[in-house]
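> I would like the entire structure built from these sequences, with the hints used as guidance.
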Amino acid sequence: MALRLYNTLTRRVETFDPLQPGRVSLYVCGMTPSFHPHLGHARTFLTFDVLVRYLRARGFEVTYVRNITDIDDKIIERANAEGVAWDDVVNRYYGEFTVCAQRLGLLTPSVEPRATDEIPGMVDFIRRLVELGAAYETADGVYFSVAHDPRYGSLSRRNLDELRAGERIAVREEKRDPLDFALWKKAKPGEPTWPSPWGPGRPGWHIECSAMCRRYLGDQFDIHGGASDLVFPHHENEVAQTETVTGKHPMARFWIHAGLLNVDGQKMSKSAGNFVPLPELLDRFPAAAVRYLFLQTGYRKPSNFSLAALEAAVRGLRGLYADVDALPSGPLVPDGPTAAGERLALPDEFASYLDDDLNTAGALGWLQRALRAQRAAGTDPATRDARARTLRACLDVLGLPPSGAHASLTARTVEVRLDDGHRKLLAAIAGDEAPDDRALIQRVVELRQAARARRDYAESDRLRDVLGRAGIVLHDGKNGTEWRFHEPA
RNA sequence: GGCGACAUAGCCAAGUGGUAAGGCAGGGGUCUGCAAAACCCCGAUCCCCAGUUCGAAUCUGGGUGUCGCCUCCA
35 MALRLYNTLT
45 RRVETFDPLQ
55 PGRVSLYVCG
65 MTPSFHPHLG
75 HARTFLTFDV
85 LVRYLRARGF
95 EVTYVRNITD
105 IDDKIIERAN
115 AEGVAWDDVV
125 NRYYGEFTVC
135 AQRLGLLTPS
145 VEPRATDEIP
155 GMVDFIRRLV
165 ELGAAYETAD
175 GVYFSVAHDP
185 RYGSLSRRNL
195 DELRAGERIA
205 VREEKRDPLD
215 FALWKKAKPG
225 EPTWPSPWGP
235 GRPGWHIECS
245 AMCRRYLGDQ
255 FDIHGGASDL
265 VFPHHENEVA
275 QTETVTGKHP
285 MARFWIHAGL
295 LNVDGQKMSK
305 SAGNFVPLPE
315 LLDRFPAAAV
325 RYLFLQTGYR
335 KPSNFSLAAL
345 EAAVRGLRGL
355 YADVDALPSG
365 PLVPDGPTAA
375 GERLALPDEF
385 ASYLDDDLNT
395 AGALGWLQRA
405 LRAQRAAGTD
415 PATRDARART
425 LRACLDVLGL
435 PPSGAHASLT
445 ARTVEVRLDD
455 GHRKLLAAIA
465 GDEAPDDRAL
475 IQRVVELRQA
485 ARARRDYAES
495 DRLRDVLGRA
505 GIVLHDGKNG
515 TEWRFHEPA
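Start counting at 1 in the first sequence, then tack on 34, and there's your number in the numbering used here.
By construction, these hints were calculated from the structure, which means they are not laboratory data.
Just so you know, even glycine gets a beta-carbon here, dropped at the ideal spot from N, CA and C.
Careful, some of the hints might be misleading.
With a straight-line Cα cutoff of 30 angstroms, these simulated DSSO-like cross-link-like pairs (lysine-lysine) come out [what the hints assert, rightly or not]: (1) K219 to K282; (2) K209 to K282; (3) K108 to K222; (4) K108 to K209; (5) K304 to K219; (6) K108 to K220; (7) K304 to K108; (8) K335 to K304.
So the derived label-pair ranges between C-beta atoms look like this [to be verified]: (9) T280 to E95: 20 to 30 angstroms; (10) D454 to D390: 52 to 62 angstroms; (11) A173 to T280: 26 to 36 angstroms; (12) L53 to V118: 36 to 46 angstroms.
What follows is the structure, encoded as C-alpha cells:
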C-alpha cells in the first residue's frame, strides 16, 4: 500500500516517496496577518494538518514548516489607516490566528519562521539572482526577469504571451517585461524598511518563501503546499526564483493545493460581504465541527460553506461522539503518545482511503460504519478494547478529539446572558436573588426538577416553556438535567 | 477571450469499468410523565445526447449548467 497524492506539478495522482527514506520535508504557505483569519485559512491548514498527522502515523518523520509573511502592502496600508505600527497589526491578527489554530487542534509546525526575521537571507538570495543576470535594479526596486527562466509558467501551465496580453496593471516603464515581479521594493515615505545593497526597503512578495524553504528544507524538498489560489503567481514565482539560484529542478517534488472555500456558492471575499472571520465563528460553533465539516469534502474540491452545512456538521459530530464516547475507555494507543517514527496501527481499510489522495470523506464514512459495527457487536471484552483503541487511533489521525467532546459540543462558549425581560421573569419564579444569570437559570431548572419529583408535570412543563422562551433547551438525563442556550439558525 | 475544476437522493458528499459509502434533514418504530438524546428500520441508476464495451456514474466525443484562476488572496 502506498500513499498517493495529486501533484499540481504533473497534474496527476502519483505515488509519494520522500527524497530521504523515512523523512518528509513539508513547507506550507502560512497567513499574511493583515486582517482577521478567516474560514478559508482554517480549511487550508486543516488539510495540511491531516496530511502531517497521516504521514506521521505512517511512520515518517515530518519536518513541517509553516511561515508567516509578516510584511506586505496590506499590512502597511492597514497600519497607516489605523495610525498604528505595522507590527501592531501583525501581532493582533497573528494572535487571533494562534488562538484559532489552537482551538482547531492544528499541530504546531516544526518551524514557524517570520519573514521579517529572514531578511538577510532574502537579500543574499536576491543578490545571487542579480549576479546570475536573472534580476535587475530599477529606480523603485529590484525585479526578477521572467525571460531569464525558460521554464517559467510550467507549474501553473500559463502561456506567457497570453499572460502579457491579459496584464492589467499599468506597466512600469522600467520593468523589462510586464510579467517581471518585485524582489525588493525600495522604501517610500512612511514604510518600514530594512537595509540592503539597493538601499533601504522591504522584500517583495514571493521571495520570503523561496528564502525560507531553502533555509529550512534545502534546495529541494518533498512537498510544498498552499491553497490553490497561490499557484499563480505566488508559487510560480517561488519556483522561478529558487530554481534559478539552485539550478535544481524540481524545487519541490510534490505541489499540493487545497481547494478554495466558497460561501453560499460564491467566492468568499470582503467585498462580497460573505467574509467569515474565524474567531467569531469559533465563538459560536465547536471547532471540532469545523474540522468535521471539512473532513467530509475532498481537500481539492471547492467547498461550499453555509451556516446550514455547519449546523448539520454539529449534529453529525454529536452523533459520532455518542458512539465514540460509548467506546470502552482507554489510552489512545497502548504506549501513550506516539513517538516519532512509531507506526500507529490503523486499520488497512481506513488507511487505504487516506492513501488515496487523502480521501478523508471516505475514511470518515468507514469510521461511521465501523462505529455502527462496534455498536452491534461488542461481545468479547478483549476484542472490544482492541477495536476501541483502533477507532480512537483513526480519530487521532483525522485530528478529531478522542472523546469527551460531548460537553464542548453542547456548551456554547459565548457568555450566558439573558435579556432583561427574561431575567425578571426567571427571577420572579426563582423568588430569590441569584449571583448571575447562570445561577438564576440553574435555580429555575432545579425548581422544575422538584416539580417533576412530585409529579407536578403541569408546573414542570410550564417551567420548560418559560426557559424555552429565554432560549434555553433542557435535556433530562440519567445524571440530572442539562441545559444550554439554543442558537437560532 | 485564455486556462482549469466540477455536475451523484431534499441538502452535504464518497465512489474512475462489473449492477451506487457515509452524514444531515424526512418517515416509521423502541425508550421517555412530556420532550430531547440514544438505538433499530426505510430512500437515488448517478445533468443531457451520441459512442466504445459482454457490461459505464466511472472511458471517448458533443451539448448544457455552476464555479474558480488569469490582479491581492489560504
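> Please go over all the hints and tell whether each is borne out by the structure.
Hints and how they fare:
| no. | hint | in the structure |
| --- | --- | --- |
| 1 | K219 to K282 | 27 angstroms, holds |
| 2 | K209 to K282 | 27 angstroms, holds |
| 3 | K108 to K222 | 14 angstroms, holds |
| 4 | K108 to K209 | 22 angstroms, holds |
| 5 | K304 to K219 | 27 angstroms, holds |
| 6 | K108 to K220 | 16 angstroms, holds |
| 7 | K304 to K108 | 14 angstroms, holds |
| 8 | K335 to K304 | 22 angstroms, holds |
| 9 | T280 to E95: 20 to 30 angstroms | 24 angstroms, holds |
| 10 | D454 to D390: 52 to 62 angstroms | 56 angstroms, holds |
| 11 | A173 to T280: 26 to 36 angstroms | 30 angstroms, holds |
| 12 | L53 to V118: 36 to 46 angstroms | 44 angstroms, holds |
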